[in-house]
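Chemist: Need the complex rebuilt from these two chains, each delivered in its own frame; the hints are there to steer you.
So the chains spell out like this:
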Amino acid sequence: MTVAVQVRGLEKAYKELRVLRGVDLEVARGSIFALLGSNGAGKTTLVKILSTLLKADAGTARVNGFDVATQAADVRESISLTGQFAAVDHILSGRENLVLVARLRHLKDPRAVADGLLRRFSLTEAGGRRVATYSGGMRRRLDIAMSLIGNPPVVFLDEPTAGLDPEARLEVWQAVRELAAGGTTVLLTTQYLDEAEQLADRIAILHQGRIIVDGTLAELKQLLPPAKVEYVEKQPSLEDVFFAVVGER
Amino acid sequence: MATHFVSDTTVLTGRTLRHVTRSLDTIITTAITPIAMMLLFVYVFGGAIDTGSVSYVDYMLPGILLITIASGISYTAFRLFGDMQAGIFERFQSMPIARSGVLWAHVLTSLVANLLSLVVVVGVALVMGFRSGAGVLAWLAVAGVLALFTLALTWIAVIPGLSAKSIDGASAFSYPLIFLPFISSAFVPTDTMPGPVRAFAENQPVTAIVNAIRALFTQQPVGADLWTALAWCVGILVVAYVCANLVYRRRIGA
Chain A
1 MTVAVQVRGL
11 EKAYKELRVL
21 RGVDLEVARG
31 SIFALLGSNG
41 AGKTTLVKIL
51 STLLKADAGT
61 ARVNGFDVAT
71 QAADVRESIS
81 LTGQFAAVDH
91 ILSGRENLVL
101 VARLRHLKDP
111 RAVADGLLRR
121 FSLTEAGGRR
131 VATYSGGMRR
141 RLDIAMSLIG
151 NPPVVFLDEP
161 TAGLDPEARL
171 EVWQAVRELA
181 AGGTTVLLTT
191 QYLDEAEQLA
201 DRIAILHQGR
211 IIVDGTLAEL
221 KQLLPPAKVE
231 YVEKQPSLED
241 VFFAVVGER
Chain B
1 MATHFVSDTT
11 VLTGRTLRHV
21 TRSLDTIITT
31 AITPIAMMLL
41 FVYVFGGAID
51 TGSVSYVDYM
61 LPGILLITIA
71 SGISYTAFRL
81 FGDMQAGIFE
91 RFQSMPIARS
101 GVLWAHVLTS
111 LVANLLSLVV
121 VVGVALVMGF
131 RSGAGVLAWL
141 AVAGVLALFT
151 LALTWIAVIP
161 GLSAKSIDGA
171 SAFSYPLIFL
181 PFISSAFVPT
191 DTMPGPVRAF
201 AENQPVTAIV
211 NAIRALFTQQ
221 PVGADLWTAL
231 AWCVGILVVA
241 YVCANLVYRR
251 RIGA
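Taken in order, these protein sequences are the chains called A and B.
Quick note: the first sequence uses my numbering, first residue 1, plus one each step.
Quick note: the second sequence uses my numbering, first residue 1, plus one each step.
Derived by calculation from the structure, the hints in this document are not laboratory data.
This list has only true hints and no planted wrong ones.
In silico negatives: residues of chain B with every beta carbon more than 10 Å from chain A: (1) VAL57; (2) ALA141; (3) GLN219.
Facing chain A, a subset of chain B residues (Cβ under 8 Å, in silico): (4) HIS4; (5) ARG15; (6) ARG18; (7) HIS19; (8) ARG22; (9) ALA86; (10) GLY87; (11) GLU90; (12) GLN93; (13) SER94; (14) PRO96; (15) ILE97.
Built from N, CA and C at the ideal position, the CB exists for glycine as well.
Here chain B stands alone, though its shape is the one from the complex (with noise of 0.2 Å):
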């Protein structure tokens, strides 16, 4: 069986993409919270916060970047719930197929999907006078921290698209996720805050994987930085990828 597992996740991946091409409005909706806090923050509050030499436009850009894909990803679990619901998914599960790709499919259409509501954000980034003088190589290396924060969050995406017990269930685990980067070194640094809040916001991972991105932006060097980002980046990944093929065993009852 193992010998299809390539062909049968290209074509469940091509049937879950047709979703969002047929589907762009989740394209949109994924990119307007992030460029609407983009606008309140560079327009409203950026004034009053100091960043120094930088502007912040480009201070802010890498934190929005993560709530658009921690926003982008409930879509990964709002479709594999609306699968198991459709009896779509049983059909599946009682053919020759390959049965991880089943659950591939869908993460690497989050992958995709996540990857244009990027642009979509980067674009308007653009308009609002973000600038960055990285080469290809630093863009390359942002492409990468992003697409592996995308599959990190998408996998425990996974747990609640196949276990929730309603559709507000399935999505309402990202919340949590959006809300992260306030308490980080997305919006303002973090050696103003008070001394625990400041200890969550420098240990926790989206402070390691801003200031990662940042530093690629803004042609510095990226340090220790890059790394922690990396460590938890694949350490999410790895236990969620685990969680989330626990829950997918039992629900197939494999």
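Next comes chain A alone, as it looks inside the complex (with noise of 0.2 Å):
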């Protein structure tokens, strides 16, 4: 097994109030790995602290083997980051956007590759409005887009469902499951416990600073006592109603 991202014994400190204590992580080549953790967790520092936007008090990061201290230039050469709200240009474009990253990573035909990722997340016929005028949905989706520039071997998804109606939901897990195909390794953080059940090969669970969980969800589900087996009246849920409802999925 190759390794992606590496992690050991990070800590960082917001003045007195320490947000990592010592985090310890490993994220195979190719696979998606769930951060969990509730509200102020470190989630985000962890993921800004891989994408070389903060520098850790402690401990080392490599991403795509390179140190994220001391390569961060090569880091950035590595990843896409995909921040908690949609980092795109509202005045812009959807189609501009992807121009926009495009160049920024200094590629041949940016609007070749503009024109190929608005069709592969239907945003075509949005593709010359401005963004502002998007839904929710939509921009995370063009967001997402935007971090695929370029084919970059690690992309961090920082709570790429906050925030999102169901069917913009799936449409962001779809998306991640077709880059995990691709073979993009993806971190993804969130605080939805399906959605890292949907999506992770691996899931971590972030508590207080340190990573009190890692494993495969087989291997966490061991954590509880074995299953029983019970006779259940399966209830729709709520989902269920809203899809059979609005007659998609």
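Modeler: What follows is the structure, encoded as structure tokens:
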């Protein structure tokens, strides 16, 4: 197993507040790794350190084989970050946003790249409109599309579905699955347990600045007493109702 | 990474220029206050101010141009602050691009936007009777001084743009800059001012810059004023540039 992200003893404090207190984790190349945690657990801080936006106080982190502290430029060549809030330019159109990033990544044919991604994320019709007119789900999709330009081997998604409606959430999940299928390593943070369950090959729980559990879904399930067989009447969940009524999925 | 500085800055400047062309109202709002002041001073106060042989609109236009720039640069702080809030700033920082290009794009855009506003203001001044026999070289010299002044003030504007906590804080810094021309030779000759005020007025940057531009417009010898003006502009530019980059480095944790 080759390792795409390796974190050892990472610590970070904001003045008195110790956000990360010795984080260790490894993400296998080509896998989807979910970092679970409640608000304020330090997920975003960890992602910011891994994407060279913040410096750690102690410990090491390597992304795609490069040290985030000493080889920041190489790390930036290897990653893309989709932050908690859609980092798109609202005054530009969707296509212009994509062309902008393609140019900054020094790709040969920025327009062709943009058109390809618009198609892939079902944004072709909206491509010429200003992003300010987009729905939350469309912005998220555009945001993720911008992150894929240049095919970075490692993608960080910080709460990719926060604030999205159920349909948009499914679209984002589909995009993440396609990414991993193409060999990209995905590290995503989330506070939705079902999201981790649906997507991740491996799940870690970050709590009070430390990783308290790390394993596959099957391994995590073994932490609890073995399953008992019970007869349960299956009630449709609200989500089932929603999709039945809306008539999609 | 330095190899990409020019191409990255060009791409990023193209982006911020689109912000300007898609909100042309910012050009108008930048120009409207200076134009209102110009109307007020020329048609209300101007008749009572003795500026010798020079017509009052000719006399006060240089000061109005500086006020235009001082109000125009607050949009740089505004746009920069907007980028930081929107998260697109973090996206750029996590990409393999020349990091200083992000700031330079805003600075170059400020130059273009202010130039547009200045053209509007000069246009109105022409309608109000402003005339200058200045030749091409003198006009180029005026443009050069104004560009240098814009650069210096824009780098000042970058500091609140990067460090402000609110959108109001990001643009409030420009009020004192807009006020500065009033205590200078921009609207009235300094020799009627009481001692300490006059001492301040005659030794602050606006007076030297205004006098230099006025001399260029009226084809008088510019003399030492031009060099004093250039020295002030370059001095402010260097200090503001260094401070802005310190703030920037702290902000991006480099």
